[in-house]
Amino acid sequence: MFKILILLILFVTVKAACPNGTVTWHTDCYFLEDNNATGFPTAESACNSLGGHLASIHDGFSNALITNNAQNLFHGSTVSDFWIGYTNLMTSSNWTWMDNSPSDYTDWAPGQPSNSTDDNCASVCLTNGKWKTDDCFKPKPYVCKVNQSVFEVPTTTTTTTITTTMTKFPVYTNCTFPFTYFEPTHSCYGVGNWSNPLNWTLAEQYCQGYGAHLASVHSSDEQRFISSFVYVAQSYMWTGAFSNDGGKTWKWSDNTPWDFDPWISGYPNLNTSACAVCAGTGMVDFSCNTIFRTMCKKAL
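Per the working numbering, the very first residue in the sequence shown carries number 42; after that it's consecutive.
No lab work stands behind these hints, which were simulated from the structure alone. Think of the CB as a built atom: it goes at the ideal place given N, C-alpha and C, for glycine as much as any other residue.
For lysine-lysine, the following DSBU-like pairs were computed, each having C-alpha atoms within a straight-line distance of at most 35 Å:
# : residue 1 : residue 2
1 : 171       : 181
2 : 292       : 339
3 : 292       : 179
4 : 339       : 173
5 : 339       : 181
6 : 289       : 339
7 : 339       : 179
Estimated spans, in silico, between C-beta atoms of each pair:
#  : residue 1 : residue 2 : range
8  : 237       : 78        : 22 to 30 Å
9  : 285       : 190       : 47 to 55 Å
10 : 62        : 276       : 37 to 45 Å
11 : 92        : 159       : 29 to 37 Å
12 : 109       : 328       : 50 to 58 Å
13 : 153       : 292       : 39 to 47 Å
14 : 292       : 152       : 42 to 50 Å
15 : 60        : 340       : 29 to 37 Å
16 : 109       : 135       : 23 to 31 Å
Whenever a hint applies, use it, and build me the whole structure from the sequences.
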């Protein structure tokens, strides 16, 4: 919904230019981050904060351009590859770009992409520019892609009075630490209490301290995304699922509908009031007093 009242209009010339130290190609700026090697989700959040995403690549020249600049940047270092924005975490079978651009070009190395359930994100090999899959939580350098329009700067001054009422879905969402954005659910997810596991009640309170709740799950893709954290941590994590009637009915702590069956075969099986953890491929029930790490979810 847009309602705009313009009292005075003066044309303003804007100039868009990529910041110093970035690589410019067509209308995009590429940021090669070499100082903060990190996992794929955190790298994507860092790119979001710049107004972009982990880089998508749509032709051989762009792939070579990025790789050549990375070779120059990392010359003499121990870096062997770097993250780009290609992943199959978003869907159960297809590889997609984090910026939702078409998947119209790939440059996989022989034998790639891997069929391993732990390798869900793509990196570029520094020596030859070929792509390979890897564990999304391995720390690597990364490359962000941001459109030049983000850096538009007015070249003249003007006096304009505009009253605007707008409703707009955000193009870029920055989920601040310790959260990572998952676009299919338009929500932020974060793992807490790595060194101090909690029981279910305290874990829910911990999430509420971030304006969140223990995670609810509403699709197989969301289940798969959350499971990727479990695989890396090698630890079960509390979700927001709980039952107060001996396991007859289950609810989510964020009061969203119970519209998806997240259970591993054979569960729930306690037949008592209980809570549920993400155990990798699905959920299992435990006593709510058991201590586990915490998976929070914040809807935007």
